[in-house]
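Protein chains in written order, with numbering that gives the first Met the number 0: chain D, 0 to 325; chain X, 0 to 528.
Treat the hints loosely; a few may be bogus.
To be verified - Beyond 10 Å from chain X on every Cβ pair, some chain D residues (computed):
#1 PHE35
#2 LEU82
#3 VAL155
Claimed, not checked - What the simulated footprint calls covered on chain X by chain D, stretch by stretch (three residues with Cβ under 8 Å from a Cβ of chain D suffice, anywhere in the stretch; the number is not a length):
#4 136-150
#5 191-201
#6 232-241
#7 410-421
#8 441-451
The hints are simulated quantities; they were obtained by calculation from the structure and are not laboratory data.
Quick reminder that beta carbons are idealized off the backbone N, C-alpha and C, glycines included.
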Amino acid sequence: MAAFVLRRLVQAALVMAAVGLIAFALFRFVGDPVVFMLGQDATPAERAAMSAQLGLDQPFHVQYGRFVARAVQGDFGLSLRQLRPVSTLFAERLPATLELSLAAALFAVAVGIPMGVYTALKPRSWLSQAFLVVSLIGVSLPTFLIGILLILVFAVQLGWLPSFGRGDVVMLGGWSTGLLTVSGLKALILPSITLGLFQMTLIMRLTRSEMLEVLRADHIRFARARGLPDRLVHFRHALRNTLVPVITVAGLQLGSIVAFAIITETVFQWPGMGLLFIQSVMFADVPVMGAYLCLIALLFVIINLVVDLLYYAVDPRLRLDGAAAH
Amino acid sequence: MIRAVSLRHLGAWAIACAVGLAAFQAEARTFRFANQGDALSVDPHMHNEAVLLSLTGNVYEALTGRGRKFEITPELATDWKQTAPTVWRFNLRKNVKFHDGSPFTADDVIFSFERAKGEGSDVRVYVAAIREIRKVDANAIDIVTTEPFTILPQTVSRWYIMSKKWCEKNGAMRPVDVRKGTENYASTRASGTGPFKLESRQPGVKTVFVPNPEWWGKAEHNITEAIFTPIANDATRVAALISGEMDMVDPVPLQDVPRIRSNPDLQVKQSPEMRTIFLGMDQKRDELLFSNVKGKNPFKDKRVRQAVYQAIDIEAIRTRIMRGVSTPAGIMVAPSVEGFVPELNKRLPFDAEGARRLLSEAGYPSGFEVGMNCPNDRYVNDGEICQAVASMLAKVGIKVNLVAEPKTQFFPKVLSRNVSFYLAGWTPASQDAHNALFALMSTPGEGAQGQFNGGAYSNPKVDDLTRRIGAENDPAKRTNMIAEAFRIHQDDIGHIPLHQQPITWGLRKSVEMVQIPDNFQYLRWVTVK
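Model the full assembly from the supplied sequences, consistent with the hints where possible.
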């Protein structure tokens with residue numbers, strides 16, 4: 000077990016190092032932030048001096064090496080755009096992104112699974128057909144368009160929900176939460192639907208196909224033969240077996256929800272990490288971009304590690320492999 | 000007896016209080032406004048950037064300010080005069096307090112000068128002409144310039160005065176120190192002398208201003224609170240205005256203007272900006288970096304530059320791309336810039352036939368190919384303008400290979416002059432024509448001279464005039480020299496000016512707000528019905 004985890008952790012570190020290296024190789028193409036840091040009337044000498052001070056004139060592997068050396072000590076440097084520590088910026092922005100992502104994931108699971116179950120149980124009803132059409136829209140429409148359509152309907156036409164921002168937030172220690180105020184909760188609705196819609200359709204379709212599969216299985220037939228009521232057959236015997244793969248996929252999708260929050264946050268001016276990242280790209284703010292990409296890589300790595308550990312716990316064959324190697 | 004009277008008084012006082020409070024609450028007016036970006040800081044010396052200076056201009060003040068008609072007005076200085084060619088006496092306003100309670104004196108001006116001039120400051124341009132500031136007494140200073148400098152009152156209007164005491168107390172002596180990697184206290188907090196106080200700030204999310212009841216001036220606004228929110232996405236920003244969540248948004252994309260105009264509750268306010276958009280051509284290299292013409296540089300021939308100029312249908316750009324609201328330009332500065340020359344502001348006529356003829360005469364009867372660089376996230380519809388220019392030039396035989404790219408990639412190329420043909424824009428930071436002559440039209444030389452002259456246009460006469468304008472003390476002579484320099488540049492077709500883009504605000508009909516050419520959004524003139 001320990002060897003397995005250790006091996007996984009070493010792999011995870013390698014993945015993050017690789018992500019950072021690729022990111023820094025690409026940063027050469029995002030342009031030069033110094034022009035915007037110093038303003039239009041600075042002299043070429045002042046620009047060159049600033050570039051040298053920040054180490055931007057160094058080849059990318061040197062910049063990357065310095066980034067890693069500082070990052071392992073927990074220092075991500077100063078944002079070139081705001082001239083504030085990257086760690087402070089992330090601390091300000093992370094709660095917004097996590098709350099949004101969790102709300103979106105919750106929405107995807109809470110709506111996707113019941114819809115999937117319903118479409119599996121009543122495949123011919125008109126409501127099932129409607130759900131399938133909706134899910135097709137969710138898969139095919141780009142996120143920013145869904146967001147703008149929702150704003151148009153619920154903010155501009157109906158005036159029910161705010162079109163941007165997080166509403167009023169409450170500080171709980173260092174964590175700013177919008178979950179405790181009415182305006183904060185209202186502001187959460189449209190962005191989390193926008194962000195979660197794709198995952199919701201994914202979960203719904205997965206639940207549906209798994210459920211259809213399970214309903215054909217022998218143990219369901221025997222359950223029916225035993226004369227158990229439909230409700231018991233469907234929810235105790237069929238759904239439980241359906242949920243194992245669904246939960247795995249939903250868990251893995253959490254990482255991509257956080258990563259894809261970039262677009263939703265831009266549309267709704269949601270003050271999270273994604274918006275910060277987009278603004279940083281437009282300014283070529285290398286320290287923020289580097290730290291963000293590594294953080295997202297870390298998130299994926301952790302989620303995968305957790306999933307691997309769960310498999311390890313569930314699947315005895317993995318343990319046997321390990322034993323055989325010794 | 001005495002007790003009864005005092006009780007009755009107390010009752011009356013309580014009622015008065017309640018009535019006053021009710022009246023106050025009825026008049027509570029919050030003004031909510033949005034811009035596409037946030038100020039990167041609220042330290043007024045950290046970035047020389049419009050949003051930052053505009054927002055902090057509500058909290059901080061300079062010696063001189065700008066009025067509703069963009070005229071120079073007294074602010075922290077009550078009056079000023081030139082006592083010698085290089086010396087200006089400024090009398091400072093008395094009994095002014097910073098928001099933290101410290102009094103405003105000559106020492107604060109001197110401190111702010113050192114701070115704005117020093118390391119980490121990005122507003123050095125506003126104090127560049129100043130050699131030193133001498134304290135006459137607590138309420139008067141002498142500003143000594145390195146050369147005679149007639150436009151000092153204009154240039155100092157964006158150099159905001161900070162409290163020496165406050166900066167010392169909070170360790171905000173410098174705008175920022177990138178090497179130390181530490182945050183500056185003043186980048187999220189502020190203490191100025193202005194009509195509004197910074198109540199709270201969450202960078203990138205929300206900035207709240209409240210009126211300063213102790214402000215020295217008479218309030219011309221009627222708001223009790225102002226909330227600023229950046230909204231980057233155009234569609235969301237416009238939606239927030241239409242849904243009533245915003246009272247004012249800037250900018251409104253040109254294609255959304257009719258939609259806002261058609262809404263009975265909303266209005267659009269437009270006027271020409273100070274920035275001039277222009278085309279530049281490499282006139283220095285013997286062979287263009289990006290062209291199929293080898294061994295010579297077609298842009299060195301004035302006839303080719305004129306052909307490019309006359310091939311451009313500025314009316315088509317104005318009506319199709321700028322939706323009828325750009326102001327075509329004949330010279331490199333806008334009418335709102337000090338030193339603008341109205342009689343030169345005429346363009347060469349659009350003449351595709353003439354352009355083809357000029358190209359033939361210059362030895363390019365079948366045209367040539369040239370690479371064009373263009374930003375696509377900097378100016379209003381910049382990418383579209385370049386596409387239009389490319390298709391117009393194609394009609395006279397010049398094939399343009401367009402590279403439209405983000406500003407972070409575009410500007411380093413212009414600054415290093417690794418471009419053959421490009422589109423850019425310029426707002427003279429000093430709001431004076433000399434800045435454009437110096438940075439855009441002078442031969443690239445020492446320091447910042449000609450550094451945004453991406454095509455290295457060079458005429459010794461323009462250089463000489465620019466030098467002399469910088470040291471001329473007689474306003475009439477100065478104006479004449481500026482006109483002369485612009486005339487020479489225009490004759491040479493050193494650049495091709497295109498237009499001034501519009502400032503486009505969307506507002507509720509119930510809001511009144513003053514628009515000035517540098518697009519500063521002063522809360523002091525906002526009234527909400």
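Hints, verified against the model:
no., hint, in the structure
1, PHE35, "7 Å, violated"
2, LEU82, "5 Å, violated"
3, VAL155, "5 Å, violated"
4, 136-150, "violated (count 0)"
5, 191-201, "violated (count 1)"
6, 232-241, "holds (count 7)"
7, 410-421, "holds (count 3)"
8, 441-451, "holds (count 4)"
The structure is inconsistent with the numbered hints 1, 2, 3, 4, 5, although it conforms to all the rest.
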